[in-house]
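Student: One line per chain: the protein sequences are A and C, in this order.
If you read the first sequence in this note's numbering, its first letter stands for residue 206, the second for the next number, and so on.
If you read the second sequence in this note's numbering, its first letter stands for residue 53, the second for the next number, and so on.
Bear in mind the hints are in silico, worked out from the structure with no lab data behind them.
One or more hints might be untrue.
To be verified - Label pairs and their computed distance ranges (CB to CB):
1) Phe148/C - Ser367/A: 15 to 25 Å
2) Leu208/C - Glu343/A: 56 to 66 Å
3) Glu343/A - Val150/C: 27 to 37 Å
To be verified - Over the 10 Å line for every Cβ pair with chain C, so calculated as not near, a few chain A residues:
4) Asp252
5) Gly257
6) Glu305
7) Asp329
8) Ile373
9) Lys391
10) Arg413
11) Gln427
Stated by the list, open to error - Per the computed footprint, the stretches of chain A lying under chain C, defined by three or more beta-carbons under 8 Å from a beta-carbon of chain C, are:
12) 279-287
13) 295-302
14) 356-365
15) 447-457
Computed from a prediction, not measured in an experiment: that's the story for all the values here.
Built from N, CA and C at the ideal position, the CB exists for glycine as well.
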Amino acid sequence: MNFKLQISKFKITAFLFICCSAALLLCCAVSSAELTMDANHDHINIDFFYHGSEVSVKGSAAAGSELIVKIASQDGHQILKKKGKAAGFLWMNVGELKFEHTPSLYLIAGTKNPDDTIDREEMDRHVIGYQALERHVEINPVANADEKTRWFQEFVKFKESSNLYAVIHETIFTSVNGNRQDYSIKFAWPYQAAPGDYEVTVYAVRDRKITETASKNVVVEQVGIVKSLADMAKNNGALYGIVSIVIALGAGFGVGMIFRKGGGAH
Amino acid sequence: MYFYLPVALTSINILMPIGLGLAVGLLSGLFGVGGGFLMTPLLIMMGIPSTVAAATDSNQIVAASTSGTYAHWKVGNVDFKMGLHLLIGGFIGGLFGVQAIKILKEMGNADFVIKMTYVLMLGIVGTYMLIESLQSKKKNRTEEEESVLVRFLKSLPLQTDYQKSGVTHSALVPIAFGGFVGILAAIMGVGGGFLMVPVMVYILRMPMHVVVGTSLFQILFNCIEVTFLQAYTNHNVDFILAVLLLLGSTVGAQVGAVFGRKLKGEQLKIILACIVLVVTVKIIFELTLTPSQLLSQAGGH
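The task is simple: from the sequences and hints, build the whole structure.
Tutor: If you want it as structure tokens, here you go:
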């Protein structure tokens, strides 16, 4: 009995020892390859004079790994009007398309073109690059895959024109630091990006696989007068409408009075 | 300097809306039109979502037309009685127009019908005004040529003397034509100034200077209604953008009104006809040239 108890105590101690050693080893392994990331903002305030911002992302990664930085919002959906030919030669709106699982902001930057550095499955899993995004989104109604591709390309063109989508390569600045590399990149944060939550993610890639990721949230929100006006427009439309009308009437009369005084000769 | 627009959710160089307001206000004070045909597409080009552009434009027109009406009223060029009758008609017409859009949408291809009606109306009105003004400039038109129409109008009940305009009509005439313009304007999603001005000039036979003032007066009330409905139901009015636009447009309307007094009625008609024709040609180009982008934001006109 006593002997059995001793054996089980020994087993428990051995098990704990193995666990601790494994945890220690794991920690060491991770710390040697650990991907670090920091962004200069986690909060962007939209005030009256806001005209976009700059988000700089920097950190360090194991030397030799390729890096990809993605800034995106949560997936949402967007309904857009599509133009087509009516009566054979007149361009006009011919219906609507619903784009589902689309982020409102989607910026990708890489040390190299992600297509050349990662496997397709990995790109799909993490939705990296326009091709992966195309496979990720749903567009309705479209008749076939070709039509989906065509309208996805139009969608990208539409988003790129407002600086909300971009895929850029070889824009991450890296410098070797021992067995590690430091990286940094600056993104021009578009003023068109609506208030909301965004995620900045850095992927480290080795042997065409994503080995590590690090991420940070950026919150964009309206403050001050901008916030008060936006809230009032949304939550108190009647009062907002009346104030807008009264001020317009007042401005019209006011300018009329000024001209009457100044332009009495006419 | 840039300002952020809280409803349009974009940033804009303040000189652009002020300059645009000035130009459109000038047209408004000169010709008695709201100028939405010019303002809305230019705002969209500046990156304002189409729904916000149209709604904010109506808020801005409230200011510009107040300023313009005031300037014309000072020199006795607003016929309030006529304006009121046109407004009653326009209001009733607008209600029918909204129903007509619903029916068109159910029939499908509504956009096609609306665009075609718009182009045809602009083209016909512009051409007619241009030819008529050029001819009358040459021969100094003699009185009352369209005798059939005139006799019919004179035979209607409720004959009213519109002193400011110097004309006598049945009160039903401005109400009916106001209603007709109201239906078309609602279908086409425009203010209708470019239709109302020719109706007042050619059918109601009002002098051009009174037409401009009276048109602005009734546009003012239409746009108050539209602004309120847009703010209340669609939350699409951007107050900051409207203020920037009205800084220019209220001044522009005054300058336009002063400048308009120096021009003859026929000259005003010729310039307005040319502007309407230029807009027609622009829309025809838009319809036939391949657009650079095939997608646009939903919800606008």
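Student: Next step is simple, just say for each hint if it's right about the structure.
Tutor: Status of the hints after comparison with the structure:
For the hinted restraint 15 to 25 Å between Phe148/C and Ser367/A, the CB-CB distance of approximately 38 Å leaves it violated. Range check, Leu208/C to Glu343/A: about 60 Å between beta-carbon atoms, so the 56 to 66 Å window is met. Hint check: Glu343/A to Val150/C, Cβ distance near 34 Å, so the stated range 27 to 37 Å holds. Here Asp252/A does not stay apart from chain C, with its beta-carbon only about 7 Å from theirs, under the 10 Å limit.
Its beta-carbon lying about 7 Å from the closest one in chain C, Gly257/A breaks the requirement of being farther than 10 Å from that chain. Consistency note on Glu305/A: stated as away from chain C, and its beta-carbon is indeed over 10 Å from all of that chain's, at 14 Å minimum. Annotated as non-interface, Asp329/A keeps its C-beta farther than 10 Å from every C-beta of chain C; the closest such distance is 24 Å. Against the 10 Å criterion, Ile373/A stays outside the reach of chain C, whose nearest CB is about 21 Å from its own CB.
Under the 10 Å C-beta cut-off, the non-interface status given to Lys391/A relative to chain C holds; the minimum distance is some 19 Å. Every Cβ of chain C is farther than 10 Å from the Cβ of Arg413/A; the closest lies at roughly 34 Å, confirming the non-interface assignment. Distance check for Gln427/A against chain C: the nearest CB is about 7 Å away, which does not clear 10 Å, and the non-interface claim fails. Counting residues of the stretch 279-287 of chain A whose CB falls under 8 Å from any CB of chain C gives 4; the rule of at least 3 is met.
Closer than 8 Å: that is the beta-carbon criterion, and the stretch 295-302 of chain A has 7 residues meeting it against chain C, so the requirement of 3 holds. Beta-carbon proximity to chain C at under 8 Å applies to 5 residues in the stretch 356-365 of chain A; the threshold of 3 is reached and the given coverage holds. Look at the stretch 447-457 of chain A against chain C: 9 of its residues bring a Cβ nearer than 8 Å to a Cβ of that chain, three or more, so the hint holds.
Violated hints, listed in ascending order, are 1, 4, 5, 11; each of the other numbered hints is respected by the structure.
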